[in-house]
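Protein chains: 2
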Amino acid sequence: MTPVAPSHSPAPIGVFDSGLGGLTVVRALRRHLPEESIVYFGDTARLPYGTKSPRTVLLFARQCLQFLMQFQPKALVVACNTVSATAMAGLADAFPVPVIGVLEPGSQAAVLAARRQKTRGNCTIGLIATEATIASKAYPQAIARLDRGIHLVGRACPLLVPLIEEGRPDSSPVVTAVLADYLSPLRALNPQALILGCTHYPILDAAIAGFMGPDTELIDSADQTALVVKAHLATMAAAGAGAQPPTPYNIQPAQAAAVKSGSLTCYVTDQGQRFESLANRFLGAAIGSPVWVDPELLERPELEEKA
Amino acid sequence: MTPVAPSHSPAPIGVFDSGLGGLTVVRALRRHLPEESIVYFGDTARLPYGTKSPRTVLLFARQCLQFLMQFQPKALVVACNTVSATAMAGLADAFPVPVIGVLEPGSQAAVLAARRQKTRGNCTIGLIATEATIASKAYPQAIARLDRGIHLVGRACPLLVPLIEEGRPDSSPVVTAVLADYLSPLRALNPQALILGCTHYPILDAAIAGFMGPDTELIDSADQTALVVKAHLATMAAAGAGAQPPTPYNIQPAQAAAVKSGSLTCYVTDQGQRFESLANRFLGAAIGSPVWVDPELLERPELEEKA
Numbered sequence: 003m004t005p006v007a008p009s010h011s012p013a014p015i016g017v018f019d020s021g022l023g024g025l026t027v028v029r030a031l032r033r034h035l036p037e038e039s040i041v042y043f044g045d046t047a048r049l050p051y052g053t054k055s056p057r058t059v060l061l062f063a064r065q066c067l068q069f070l071m072q073f074q075p076k077a078l079v080v081a082c083n084t085v086s087a088t089a090m091a092g093l094a095d096a097f098p099v100p101v102i103g104v105l106e107p108g109s110q111a112a113v114l115a116a117r118r119q120k121t122r123g124n125c126t127i128g129l130i131a132t133e134a135t136i137a138s139k140a141y142p143q144a145i146a147r148l149d150r151g152i153h154l155v156g157r158a159c160p161l162l163v164p165l166i167e168e169g170r171p172d173s174s175p176v177v178t179a180v181l182a183d184y185l186s187p188l189r190a191l192n193p194q195a196l197i198l199g200c201t202h203y204p205i206l207d208a209a210i211a212g213f214m215g216p217d218t219e220l221i222d223s224a225d226q227t228a229l230v231v232k233a234h235l236a237t238m239a240a241a242g243a244g245a246q247p248p249t250p251y252n253i254q255p256a257q258a259a260a261v262k263s264g265s266l267t268c269y270v271t272d273q274g275q276r277f278e279s280l281a282n283r284f285l286g287a288a289i290g291s292p293v294w295v296d297p298e299l300l301e302r303p304e305l306e307e308k309a
Numbered sequence: 003m004t005p006v007a008p009s010h011s012p013a014p015i016g017v018f019d020s021g022l023g024g025l026t027v028v029r030a031l032r033r034h035l036p037e038e039s040i041v042y043f044g045d046t047a048r049l050p051y052g053t054k055s056p057r058t059v060l061l062f063a064r065q066c067l068q069f070l071m072q073f074q075p076k077a078l079v080v081a082c083n084t085v086s087a088t089a090m091a092g093l094a095d096a097f098p099v100p101v102i103g104v105l106e107p108g109s110q111a112a113v114l115a116a117r118r119q120k121t122r123g124n125c126t127i128g129l130i131a132t133e134a135t136i137a138s139k140a141y142p143q144a145i146a147r148l149d150r151g152i153h154l155v156g157r158a159c160p161l162l163v164p165l166i167e168e169g170r171p172d173s174s175p176v177v178t179a180v181l182a183d184y185l186s187p188l189r190a191l192n193p194q195a196l197i198l199g200c201t202h203y204p205i206l207d208a209a210i211a212g213f214m215g216p217d218t219e220l221i222d223s224a225d226q227t228a229l230v231v232k233a234h235l236a237t238m239a240a241a242g243a244g245a246q247p248p249t250p251y252n253i254q255p256a257q258a259a260a261v262k263s264g265s266l267t268c269y270v271t272d273q274g275q276r277f278e279s280l281a282n283r284f285l286g287a288a289i290g291s292p293v294w295v296d297p298e299l300l301e302r303p304e305l306e307e308k309a
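Here the protein sequences come in this chain order: A and B. My numbering applies: residue 3 is where the first sequence begins, and numbers increase by one. My numbering applies: residue 3 is where the second sequence begins, and numbers increase by one.
Same shape as in the complex, but just chain A (with noise of 0.2 angstroms):
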């Protein structure tokens, strides 16, 4: 049997959120990688994570990557700031695959956008992020290795992502007053970029925006993000890798053969509307209704013995 190069594979790339952020990540690698089958999942019933300590955070991860591995995926991507701030070097080399996370992508494309601006003297990026990918570190971590020379101020923004699944305008005077009180500091610092670092955040891009000003490039991790997962796949393709192996992860051949080309199906760990009546704005497209998959299923400590 001739091996499927992975990039034309029927296999799909594997993505998870602690919610539904993750779907912004899941239209960027749409738009770059249109004929790649998605199989999402969103941890709905455990979120945020983004409160939550390091140690929850890796071990509701690991669970819900081991899920998707039952897809047989070619790429896992981590498309939650939080779990890649805190998470990933327990997660990196958990899996048979490539394991790729938000925070580096975004670094790279701050580090650039600065670099474009530097001649404005300072060289400063500013960073909005989950209480938990504050206090890890991981992104002035992530700078530092791509440029010392870069100034990164953090603020964590709890209000934002409640604020965003409420679906208010951006002219309401609630979005107006916890802009005015999470961005006024990092705005007096007239920083060259600014972090998107949650992926809820790029909904409220244009309001964020127009409270920093036109000297402050906004980056959105998305869409590098799928650029990396797209030179990835492209690596393997080269180097002739092929489908990986099925897992002895409760494998359910139903529903892995249901992935098709340029599909998406998103499991999620709550029941209710709530996601499929937000997620449209995220994906910027129709979705249709998630697949519930029972938290306890998860939690199994059998099933963490044969990741």
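Keep in mind the hints are simulated off the structure, nothing from the lab. Treat the hints with care, since some could be wrong.
Only part of the chain B face toward chain A is listed, based on derived beta-carbon distances under 8 angstroms [as the list claims (entries may be wrong)]:
| hint | residue |
| --- | --- |
| 1 | A47 |
| 2 | R48 |
| 3 | P160 |
| 4 | P175 |
| 5 | V180 |
| 6 | D183 |
| 7 | L185 |
| 8 | P187 |
| 9 | D272 |
| 10 | G274 |
| 11 | E278 |
C-beta atoms are modelled at their ideal positions from N, C-alpha and C, and glycine is treated no differently.
On the provided structure of chain A, position chain B as indicated by the hints.
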């Protein structure tokens, strides 16, 4: 051996919330029942429950109450409006001790307050709560059971919990903007009472009272819930009911024996400093380090079967 009357037995009261809001109920319990020892369980790894579906809330709540059963409590208090509103029917008969929620006591207190001011003509109660509590319609049903002549108007306030956990002062422009947005439609109705339908909200009671004005009495269900618990224990003592028999669920005698009269021991599912640093504001007193419980242990099906 002489049976020990429960109200004076060393058996603790088990108190459960998705996070730390339930500590406002603990505060009231300690005021009304200072001799009772309390074991508190906060499911901080999976909070908030207020945006989740009834099925997920019931699943999580059952697991948490099962955990508390190992301490052989004389009563279980569901110090969470979301659980009280969406899952009490599935919890009340699932355990061999009284399970007391905050919704019925809060509704009783609100109806009494509204009646006290009925001379004003209309009889309207406002309700602010989580999305899940509002969607459940449990409060309007409870109010209607008590008094069909009262009009209840509810408003979901998803930003209030993260806002309160940020610890902003009442004078913050963000607090002002958020309260004005949520409360203006309710204030326009000039209600006799406003139910603070989430155990977090009493932290903002001064700001809420200031916005609503002197004609609206704020209803914090914590006090009324503590009085209901006190009445339950008195009834049980009068009936000569003994302490509950040990359950087969994961008994840890060392932990159970550590419960002392008037003591408070806290268990949480997320590791980290967040609970401890926020808890003092909710409890109104210093709190020791909570004990971490691996959330994986809560999920094991074999534990469910034993409960």
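Okay, the hints, checked on the actual structure:
1. The closest approach between the C-beta of B/A47 and any C-beta of chain A is roughly 5 angstroms, which is under the 8 angstroms cut-off, so the hint is satisfied.
2. Because the closest C-beta pair between B/R48 and chain A is about 5 angstroms apart, less than 8 angstroms, the hint holds.
3. The criterion of a C-beta within 8 angstroms of any C-beta in chain A is met by B/P160, whose closest approach is roughly 5 angstroms, and the hint holds.
4. Interface restraint check for B/P175: the shortest CB-CB distance to chain A comes to about 5 angstroms, inside 8 angstroms, so the restraint holds.
5. A distance limit of 8 angstroms between C-beta atoms decides the matter here; for B/V180 the minimum to chain A is near 6 angstroms, and the interface restraint holds.
6. About 5 angstroms separates the beta-carbon of B/D183 from the nearest beta-carbon of chain A, less than 8 angstroms, and the hint is met.
7. The beta carbon of B/L185 comes no nearer than 12 angstroms to any beta carbon in chain A, farther than 8 angstroms, and the hint placing it at the interface is violated.
8. Given hint, B/P187 at the interface with chain A, is violated; its Cβ is 14 angstroms from that chain's nearest Cβ, farther than 8 angstroms.
9. For B/D272, the interface hint holds, since its Cβ comes within 8 angstroms of a Cβ in chain A; the closest pair sits about 5 angstroms apart.
10. Taken as an interface hint, B/G274 checks out: its beta carbon lies about 4 angstroms from the nearest beta carbon of chain A, inside 8 angstroms.
11. Interface hint status for B/E278: violated, as the beta-carbon distance to the closest one in chain A is roughly 12 angstroms, over 8 angstroms.
The structure fails to meet hints 7, 8, 11 from the earlier list, while all remaining hints are met.
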